[in-house]
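So the protein sequences, as listed, match chains A and B. When we follow my numbering, the leftmost residue of the first sequence carries the number 6, and every step to the right adds one. When we follow my numbering, the leftmost residue of the second sequence carries the number 25, and every step to the right adds one.
Quick caveat, the hints were computed from the structure, so don't treat them as lab data. For every residue, glycine included, the Cβ atom is placed at its ideal position computed from N, Cα and C. Hints may be right or wrong, so weigh each one.
[As the list claims (entries may be wrong)] Below, simulated BS3-like cross-link-like pairs (lysine-lysine); rule was C-alpha separation at most 27 Å, straight line:
{"no.": "1", "chain 1": "B", "residue 1": "Lys172", "chain 2": "A", "residue 2": "Lys519"}
{"no.": "2", "chain 1": "B", "residue 1": "Lys175", "chain 2": "A", "residue 2": "Lys288"}
{"no.": "3", "chain 1": "A", "residue 1": "Lys415", "chain 2": "A", "residue 2": "Lys383"}
{"no.": "4", "chain 1": "A", "residue 1": "Lys284", "chain 2": "A", "residue 2": "Lys71"}
{"no.": "5", "chain 1": "B", "residue 1": "Lys113", "chain 2": "A", "residue 2": "Lys203"}
{"no.": "6", "chain 1": "B", "residue 1": "Lys175", "chain 2": "A", "residue 2": "Lys338"}
{"no.": "7", "chain 1": "B", "residue 1": "Lys172", "chain 2": "A", "residue 2": "Lys288"}
[Stated by the list, open to error] Partial pick of chain A residues on the chain B-facing surface, computed with a CB cut under 10 Å:
{"no.": "8", "residue": "Tyr97"}
{"no.": "9", "residue": "Tyr99"}
{"no.": "10", "residue": "Ser105"}
{"no.": "11", "residue": "Tyr153"}
{"no.": "12", "residue": "Gly185"}
{"no.": "13", "residue": "Leu310"}
{"no.": "14", "residue": "Ser312"}
{"no.": "15", "residue": "Arg346"}
{"no.": "16", "residue": "Pro354"}
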Amino acid sequence: MASLLCRGILMYPPLLNYAAFLRRKSHVFYCTMSTTEAQTATQGSQSTQIKISPHRKKKGLDNILKDYEAIIGIETHVQLSTLTKAFCCCLYNYGSQPNSNICPVCMGLPGALPVLNSKVIECAVKLGLALNCKLNLKSKFDRKQYFYPDLPKGYQISQFDVPIAYGGHIDLDLPVEFGGGHRRFGITRVHMEEDAGKLLHSGNGSYSQVDLNRAGVPLLEIVSEPDMRNGIEAAEYAAEIQRLVRYLGVSNGNMQEGSLRCDVNVSVRPIGQAKFGTKVEIKNLNSFSSVNRAIDFEIARQALLLSEGQDDQIVQETRLWEEGSQKTVTMRKKEGLSDYRYFPEPDLPGVTLTKDYVDSIRNCLPELPEVKRRRYEKMGLSMQDVLFLANDVNVAEFFDATIAKGADVKLAANWIMGDIAAYMKNEKLSIDEIKLTPQELAELIASIKRGTISGKIGKEILFELMAKGGTVKGMIEEKDLVQITDPAEIEKMVDKVLLDNPKQLEQYRGGKTKLQGFFAGQVMKASKGKANPGLLNKVLLEKLNATS
Amino acid sequence: MAMASRALLLLGGATPTNHRRLLFTRGVATFSSSISLLHAKLDRVIIRCCSTSNSPSPSSSLEPPDVPRLAATARISLTPQEIEEFTPKIRQVVDWFGQLQDVELQTVEPALRADTDGDQLREDVPETFDNREALISSVPSYEEPFIKVPKVLNKESE
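Extracted from the complex, chain A is given alone in its bound form (with noise of 0.2 Å):
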């Protein structure tokens, strides 16, 4: 069977329909589980045609791909949050006036001299320690030349062969609904550079518009060891580097804005062969969905080609993300090694690095991803819900600021992942903007806990604390919602609501217990929802039950 779909595959005009073929993969994808049996029903009807169903279709790349290892690289670039540029004093604030933070160094102007921002050390020197690598405590900068109208100098300060960072490598647990793992992938190194400006095409004019407000500003680039073989492990590495740097406070990590920019490797090679495939490089990737889909359409193509024995049409190339199409396209063919002709920059000092200054910076690193995470395993959290908490760094701040003041871990963590979680959602806020604080949200699980107040009330206060703030006791007695737990309190409830509906009492005795909850429910209401409600079912069904 499974030849005679590979078979089915090579009938098809190679390379032509390959683009439709995985585009419909995806559709299939899903489908495929409730579909099979009609699939399966229609196929021999289908066997006339020359179309070949997506089912099958899908079926076969399955049997291509199983024979065919993926090795994925990503070199990630970082923007720092420093307030100005790398080696000029002018500002940079994303979506300022274009060509207005600029000045004779930005601008390359000839006699403009770049001095180093000591913050973009710091930075590099506090990400390249978060990423367990070893530190150059002497590096330099490198002139990196090109041609290119959005890069002044014709050519970028950066740092060739002396990396201020090496040799380190990064943790990370995949998504429980991806199979879950921890992996570890190797960081072959981070270096410092400058960012090029903006380049805009504009629609039909025969020319571009450059912005040299980016021109100048710091990145940091993160270039991994080919250690990833897929892309929800390529997507989740990306979505570590962001997470790393929000939680060290060097980058927004913002994709959409560029802050964060991924370049990602991929080559294929049959399994079993020790020579690496042809690497093609993917670009224009700004979100980690398209970093995941890119590279596995690219995946799937490389396989297919190879298993068409057409290995001569990958080549060394850059190719393009198109979202709107889901599929990589070519953006540039490699002619031979690019010649950069890096030499060593002349016009900025070595960058030297003392022990005390790297020790200095080590002693004051926040609490890191992988280390969180580790802890809140260990306070017996699911992993499900040690993702959802440290995946956002004031989140994991909220929920560790909930328990110091006494929270209980699992009550808290199901709070924050619930309804403040939604809330947040629906109201587009991040953990910051709501009004609720950590405090309050100790003290809430509290009550509940105490039974001050009922599961209810304390939702309905959760959302005017969220909303407006306050605290749970200036609200609890301002609101009268402590919960009523005096049986004799509760007694005279449940006598006023029997007496009330003698019709449906009669219904109850007569056989139609269900009637209960409506009972339970008539006497919650009159309590304004403040009756311990264990306390209530117990009378009622006393009184119930009572003449029967």
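On the provided structure of chain A, position chain B as indicated by the hints.
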């Protein structure tokens, strides 16, 4: 340094007619007299040989210049005739520099830059350059708020 200034290999010049002028390039030195331009197109690979009595060493250890590649890195197109014409001339200059290969450097520490005492760093404090108008007015082609450049879609590098 004296030697270097006597023979300049300037990559990245511009003429008003050449739209490359819109690219900002550093290393565009001001040059005035005694330059005979080999060809209008060659203005981006300007070779200025000084009238030195030292004749080029024929046994230079430097690689002979690959003019088509040089032209490609400088992003200019040359005709086969031009390549033929320029090759010996550029070679002459390279050979002239090649004499530096003979200097004994084994015992000398590399001096990449003029090192100064103390760290040459600045604080991350913004300062606005106050003569932005002069910067903008020196841009050859500007259309508020952008610098206009010839359409380039194929990037050589990141």
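Check your understanding: So which of those numbered hints doesn't the model satisfy?
Key -> 1, 5, 9, 12, 13 and 14
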